[in-house]
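Enquirer: Going down the list, the sequences are from chains A, B, C and D. Reading the first sequence from the start, the letters are residues 192 to 530 in the working numbering. Reading the second sequence from the start, the letters are residues 192 to 530 in the working numbering. Reading the third sequence from the start, the letters are residues 192 to 530 in the working numbering. Reading the fourth sequence from the start, the letters are residues 192 to 530 in the working numbering.
I should point out that these hints are in silico values taken from the structure, not numbers from a laboratory. The C-beta atom is built at its ideal place from N, Cα and C for all residues, glycine as well. Wrong hints could be hidden among the right ones.
Unchecked claim - Below, a list of computed lysine to any residue pairs in the SDA-like style, where the Cα atoms sit at most 25 angstroms apart:
id: 1; chain 1: C; residue 1: K507; chain 2: B; residue 2: E202
id: 2; chain 1: C; residue 1: K519; chain 2: D; residue 2: G526
id: 3; chain 1: D; residue 1: K198; chain 2: A; residue 2: E496
id: 4; chain 1: A; residue 1: K219; chain 2: C; residue 2: M203
id: 5; chain 1: B; residue 1: K468; chain 2: B; residue 2: E496
id: 6; chain 1: A; residue 1: K198; chain 2: C; residue 2: D267
id: 7; chain 1: D; residue 1: K219; chain 2: B; residue 2: Q200
id: 8; chain 1: B; residue 1: K198; chain 2: C; residue 2: K509
id: 9; chain 1: C; residue 1: K436; chain 2: D; residue 2: H455
id: 10; chain 1: A; residue 1: K436; chain 2: B; residue 2: R266
id: 11; chain 1: C; residue 1: K259; chain 2: B; residue 2: E496
id: 12; chain 1: B; residue 1: K468; chain 2: A; residue 2: M193
id: 13; chain 1: A; residue 1: K436; chain 2: D; residue 2: L258
id: 14; chain 1: D; residue 1: K198; chain 2: B; residue 2: M193
id: 15; chain 1: A; residue 1: K468; chain 2: D; residue 2: E246
id: 16; chain 1: B; residue 1: K285; chain 2: B; residue 2: N530
id: 17; chain 1: A; residue 1: K269; chain 2: D; residue 2: S330
id: 18; chain 1: A; residue 1: K198; chain 2: C; residue 2: E224
id: 19; chain 1: C; residue 1: K285; chain 2: D; residue 2: R510
id: 20; chain 1: B; residue 1: K509; chain 2: C; residue 2: K285
id: 21; chain 1: A; residue 1: K436; chain 2: B; residue 2: K259
id: 22; chain 1: A; residue 1: K198; chain 2: D; residue 2: R510
id: 23; chain 1: D; residue 1: K507; chain 2: A; residue 2: S199
id: 24; chain 1: B; residue 1: K269; chain 2: C; residue 2: S326
id: 25; chain 1: C; residue 1: K509; chain 2: B; residue 2: Q200
id: 26; chain 1: A; residue 1: K436; chain 2: D; residue 2: E252
id: 27; chain 1: C; residue 1: K198; chain 2: B; residue 2: Y437
id: 28; chain 1: A; residue 1: K198; chain 2: D; residue 2: G467
Said to hold, decoys possible - Pairwise CB distance ranges (calculated):
id: 29; chain 1: C; residue 1: D272; chain 2: D; residue 2: A361; range: 53 to 59 angstroms
id: 30; chain 1: A; residue 1: G526; chain 2: D; residue 2: P364; range: 52 to 58 angstroms
id: 31; chain 1: B; residue 1: S298; chain 2: C; residue 2: K285; range: 52 to 58 angstroms
id: 32; chain 1: A; residue 1: E497; chain 2: D; residue 2: G350; range: 48 to 54 angstroms
id: 33; chain 1: B; residue 1: R238; chain 2: C; residue 2: P256; range: 16 to 22 angstroms
There are 4 protein chains.
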Amino acid sequence: MMIVIMKSQAEMREISAVIARIEDAGYKVHLSEGDERTIIGLIGNGRPVDREQIERMAGVERCVPVLKPFKLASRDFKPRDTTFPIGNNLVGGKEIVLMAGPCSVESRSQIIETAHACKEAGAHILRGGAFKPRSSPYSFQGMGEEGLKYMAEAREQTGMPIVTEVMEPALVPLVCEYADILQIGARNMQNYALLHAVGESQHPVLLKRGMSSLMEEWLMSAEYILSHGNTRVMLCERGIRTFEKYTRNTFDINAIAVIKQMSHLPIIADPSHATGKWEYVAAAARAGVAAGADGLIIEVHPRPEEAMSDGGQSLKPKRFARLVTEMKAIAEAVGRNIN
Amino acid sequence: MMIVIMKSQAEMREISAVIARIEDAGYKVHLSEGDERTIIGLIGNGRPVDREQIERMAGVERCVPVLKPFKLASRDFKPRDTTFPIGNNLVGGKEIVLMAGPCSVESRSQIIETAHACKEAGAHILRGGAFKPRSSPYSFQGMGEEGLKYMAEAREQTGMPIVTEVMEPALVPLVCEYADILQIGARNMQNYALLHAVGESQHPVLLKRGMSSLMEEWLMSAEYILSHGNTRVMLCERGIRTFEKYTRNTFDINAIAVIKQMSHLPIIADPSHATGKWEYVAAAARAGVAAGADGLIIEVHPRPEEAMSDGGQSLKPKRFARLVTEMKAIAEAVGRNIN
Amino acid sequence: MMIVIMKSQAEMREISAVIARIEDAGYKVHLSEGDERTIIGLIGNGRPVDREQIERMAGVERCVPVLKPFKLASRDFKPRDTTFPIGNNLVGGKEIVLMAGPCSVESRSQIIETAHACKEAGAHILRGGAFKPRSSPYSFQGMGEEGLKYMAEAREQTGMPIVTEVMEPALVPLVCEYADILQIGARNMQNYALLHAVGESQHPVLLKRGMSSLMEEWLMSAEYILSHGNTRVMLCERGIRTFEKYTRNTFDINAIAVIKQMSHLPIIADPSHATGKWEYVAAAARAGVAAGADGLIIEVHPRPEEAMSDGGQSLKPKRFARLVTEMKAIAEAVGRNIN
Amino acid sequence: MMIVIMKSQAEMREISAVIARIEDAGYKVHLSEGDERTIIGLIGNGRPVDREQIERMAGVERCVPVLKPFKLASRDFKPRDTTFPIGNNLVGGKEIVLMAGPCSVESRSQIIETAHACKEAGAHILRGGAFKPRSSPYSFQGMGEEGLKYMAEAREQTGMPIVTEVMEPALVPLVCEYADILQIGARNMQNYALLHAVGESQHPVLLKRGMSSLMEEWLMSAEYILSHGNTRVMLCERGIRTFEKYTRNTFDINAIAVIKQMSHLPIIADPSHATGKWEYVAAAARAGVAAGADGLIIEVHPRPEEAMSDGGQSLKPKRFARLVTEMKAIAEAVGRNIN
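Produce the complete structure using the sequences and hints provided.
Expert: Shown next, in the form of structure tokens:
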């Protein structure tokens, strides 16, 4: 369903050509002839029509799509919230789920120490990066499978499920062996081969929003995963790139309410990346809970000044524990809870 | 205080010229000669040196300012929070102040009806536009002084102080006659003649952030007002312009914590403009409280579908009343309160 | 003329209410009932209908305006290019006009020296700021009327008309006494009181695009001036604010072709502000000519390392002279010329 | 080499801790004690120090890196322009290379017809997509290997080398069998596994800038490829995402001059994606040549209104031929040429 707006000077034969094209595709045409413009509506269920093709026809000013380009991800398609269990939590339900841990797994002792500290502070799920996307080829690229093994050991000791990033299709089977949730990083939100692979895997997915992705594009990327029959998808707002320089990213807090309205999928907030500085993480985390997030993912490191990545935005376990208390109070104030 | 980074190929005479210029301005020079670069530091209290002048000198790669460009607005200058009374509220204190009302004053009955409804719902200050900045010369431009008179009448009836926008220096005296707080709109954040005039007025000011202003520029604009001895300045985050299209603006929730850290001035959140759609206003308002805002300004209209401006983002009084209840619960959760 | 897209679940009575509202405003209604949505078109010439009002009605998803919101500025309204003489040049015609000079007038000798140098290099119009908008209240704010007098003297000596910024309505008469063209700076593009005043003045205007203004908003601001009967308006693309940090602004070179298509007004490029670094000015200036600009405004200073503002982006007269030669060659290549 | 700026209230023991950390890493320390701040410089060649680690230390306000984070891609490392032959052209030399062809290969006849038309019009290299990154899983995803075969046939007939996108590491060997140049699309600019694979392949690479990537990040991605010993890398500016809506992207014309200054790698302009509308492609292409691009890549389709992707931004062969003539004239005007 689409509307075609013709140019004011469009000629009769141009209008006829557009109509013929639309009817060819199996649609009924609905014509509105104003004094200044003619508007052509497509009605019914024809074959998909490419918007750009129509826009290239003579006399056409522009096309306005009436329907959203995503379907399985939309609330129109599935009005009720999607929920699914991860460990002892029901993601997308009344309880807010807390994911916490270091940016990178740096050593066996580091991840195990952090896991225990996060668990004690109230976290439900352990985060940690084994394969790290780094802007520079000279930066620490992660411990790889060794890191995954240490995370699995931390899970054994604490009972916390683990979420970790997978960066390429070929590694999806390996990461699935260890991880409870596959994270797609912001840089890979439109890495379609990877979306295909995690879709096929049937593993729960945490899909981060691209640094400058429209919410519509984000939901389209979710659609890629959903279209493989993998329905356990969480969306993660982690800040977008803007002109502002005092923070690493701009936390698009609006996205939480918008996504809840447009989609049935759970929405997770990442205040660590959304601010990029530990001093602002607590305020952003509280805001995320107040705005209606279904979960949070927060970077915690026992000694941030020694972290091999993202030390600047990591909380110490003590500060994280205090933040959990703050978030619990807000969760209650908005009719949710954190256990 | 500034650091000058020389180019890797900078010649001795170029370095000497920079040193001479800095010493001329009354600074001591501190030289660091690395293998790859020479770095020149300015120390002491010389005459102001223009960064761009130095950057234009031969052999200079760039200058790094060490100090922030604003002073009176900074927390370094005044570590304790600025507070001042408006009506029965102490802005900047423990209590969160609520400003509410229509985008535009449209008629006597409209503003009086709305004022009573807002008051009952829990608002402290009445907002309303008499002079309206509109993108189109063909749109309703506000009722002017007549609108101010109706607002004054609404204040009489409800006891609520009033905040309204002033758009040009020549009108500052007139608006001061009626208003308790002068609002500088986003489009005028860098209208220096206007900042000068409201600075001189000694009236309390609500300074909205420009649509695409850096926080640093926003604080510089506050500095313009403060430098006239007018210390009653509130900053108002109202969303910034980004690439995202589902919302009118992107609410920069990070700004609340950043401004609280960098400045002593009260910070107010405007969830109506920051989202641009009434459906998202409540979530944004709750987030603002959770993040630490000292106040909120929210558009309320008894019949938004008839509003002459911003109907799309206005709450009905009933929804606003429910939101006040929600905000009260969150305020308590973060150790603040709304009376 | 507008299209209203109803929600998929819109009820019959909601659709009827929208229709009633539209008919009330004097429009004919055109109804398209698809399987998934109902779409309502407004046809004919009714009273202006506020888009946001309709969008707030129950059951409405969104409204799509069919016509552009500006009229006098549009090519639909006036298909042929606007041209008008300034000095010996016909702005908007086949010849490309060159404006050059310092950012600020700093002294009598500086502006006169620069004027002669620019004239010799091939400039047609002298630029120079007497009233300067500066982010910091502590920066040099310009020489004021004294600066205007020196510019007038420079005009006398060189025969070049002068363009200079006016920042507040109250100063329009004063600046009109001296200047041949009134410049509206980027920060004031939506300063409506100022647009009104320069519209009334009937003086030629150079309207800079706001730092983050949509082209549509820019043309709406031109509309403010045009609606006062002042038709001598030039638009000036001076770069927009983006996330990129290596340059001060991002030169929106696309805007030149888009504006030429949408509007009949002359379009001027400002490569100095659009890049912010003198090293990149020549490339941007050449690009501006190649893209179809009707003129360029370029900052030139005899000793940029002593400039009181914008030294970093100013060309020395010699480099400017070489650039003029480069631009002449490109002008010819695109069928224009620079005399 | 880095500069550490301490907070104004930094204590002696905090300063000492930072110094100790820096000396530990093998650097000499250079201390500047101002009245307001202490500044610590790192000199010499120590082990890499993580900026964020230092910024997390007590008393530190921020760190300023002195050197650029990329090396092999920088002009400091390799002052002379990189050039290499592709077919009969020397990319990066005095001649400007023209790549043209359809967005997608749609059929054998379509690509062969287009190839001949492009060749006749003056193109040197044939572009065409066989594997297509599409926002929607429901859109045409390209013909895959079949498309590559048709491209190879078109090369046979016309003698033009071919450039085509590769989207996942596993397909690099296959695409290398057919393509002369591997294109990395904007969405994959930070797909590090893919950068690694094309680096290893030793095939020439066309690296598109990410939709919202800083130039610095773009050069870091080039560094990933260069660090595998693959030096035949071309950078491609294809527009960035901004707030502006009239064009699909904003062509960052400044990037051409900035990249030429910072890097020795050839820079290619893509006016088709940078504008998104065929009406603006010619102006953008001319601007690209005038600004100093080493090549252009332009979408051409014999019947854009039937194109399966990007029809809206494709030129018809006739218009492309005219554009080649226009570009030749500008190339000459800037001392380059197009053969």
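Enquirer: Each hint should be assessed against the structure and marked as holding or not.
Expert: Cross-check of the supplied hints:
The straight-line distance between the Cα atoms of C/K507 and B/E202 is roughly 21 angstroms, inside the 25 angstroms bound, and the hint therefore holds. Restraint check: the Cα-Cα separation between C/K519 and D/G526 comes to about 13 angstroms, which is no more than 25 angstroms; the hinted pair holds. Distance hint between D/K198 and A/E496 is fulfilled; the C-alpha atoms sit about 16 angstroms from each other, no more than 25 angstroms. As the CA atoms of A/K219 and C/M203 are separated by approximately 22 angstroms, the hinted pair is consistent with the 25 angstroms bound.
Only pairs whose Cα atoms come within 25 angstroms are accepted, and B/K468 paired with B/E496 is accepted, the gap being roughly 13 angstroms. Note on A/K198 and C/D267: the hinted pairing holds, with a Cα-Cα distance of about 10 angstroms set against a maximum of 25 angstroms. Restraint check for D/K219 and B/Q200: satisfied, since their Cα atoms lie roughly 22 angstroms apart, inside the 25 angstroms limit. At roughly 24 angstroms between alpha-carbon atoms, B/K198 and C/K509 fall within 25 angstroms of each other, so this suggested pair holds.
With a C-alpha separation of about 20 angstroms, the suggested pair C/K436 and D/H455 falls inside the 25 angstroms cut-off, and the hint holds. The suggested pairing of A/K436 with B/R266 holds, with an alpha-carbon distance near 19 angstroms, which does not exceed 25 angstroms. Straight-line distance between C-alpha atoms of C/K259 and B/E496 comes to about 23 angstroms, which keeps the hinted pair within the 25 angstroms bound. In summary, the hint linking B/K468 to A/M193 is supported, as the alpha carbons are separated by about 24 angstroms, within the 25 angstroms threshold.
As the CA atoms of A/K436 and D/L258 are separated by approximately 20 angstroms, the hinted pair is consistent with the 25 angstroms bound. The suggested pairing of D/K198 with B/M193 holds, with an alpha-carbon distance near 14 angstroms, which does not exceed 25 angstroms. A distance of roughly 10 angstroms separates the Cα atoms of A/K468 and D/E246; the hinted pair therefore holds under the 25 angstroms criterion. This hinted pair checks out: B/K285 and B/N530 have alpha carbons roughly 11 angstroms apart, not beyond 25 angstroms.
Restraint check for A/K269 and D/S330: the C-alpha separation of about 22 angstroms stays at or below 25 angstroms, so the hint holds. Proximity of A/K198 to C/E224 is assessed by CA-CA distance (about 24 angstroms); at most 25 angstroms being required, the pair is judged to hold. A distance of roughly 23 angstroms separates the Cα atoms of C/K285 and D/R510; the hinted pair therefore holds under the 25 angstroms criterion. A C-alpha spacing of about 61 angstroms is found between B/K509 and C/K285, which places the hinted pair above 25 angstroms, so the restraint is violated.
Taking the CA atoms of A/K436 and B/K259, the gap is near 13 angstroms; set against the 25 angstroms cutoff, the hint holds. For the given pair, A/K198 sits about 21 angstroms from D/R510 by alpha-carbon distance, which is consistent with the 25 angstroms threshold. A distance of roughly 24 angstroms separates the Cα atoms of D/K507 and A/S199; the hinted pair therefore holds under the 25 angstroms criterion. Straight-line distance between C-alpha atoms of B/K269 and C/S326 comes to about 21 angstroms, which keeps the hinted pair within the 25 angstroms bound.
This hinted pair checks out: C/K509 and B/Q200 have alpha carbons roughly 24 angstroms apart, not beyond 25 angstroms. Taken as a hint, the A/K436 and D/E252 pair is honoured in the structure, with Cα atoms around 15 angstroms apart against an allowance of 25 angstroms. With a CA separation close to 16 angstroms, the supplied pair C/K198 and B/Y437 stays within the 25 angstroms bound. A C-alpha spacing of about 19 angstroms is found between A/K198 and D/G467, which places the hinted pair at or below 25 angstroms, so the restraint holds.
The given range of 53 to 59 angstroms is respected by C/D272 and D/A361, whose C-beta atoms sit roughly 55 angstroms from each other. Roughly 55 angstroms separates the CB atoms of A/G526 and D/P364, a value that falls within the hinted 52 to 58 angstroms. A beta carbon spacing of about 54 angstroms between B/S298 and C/K285 agrees with the range 52 to 58 angstroms that was offered as a hint. Checked against the hint of 48 to 54 angstroms, the pair A/E497 and D/G350 fails, with Cβ atoms roughly 58 angstroms apart.
Taking 16 to 22 angstroms as the suggested C-beta distance range, the pair B/R238 and C/P256 does not conform, at roughly 55 angstroms.
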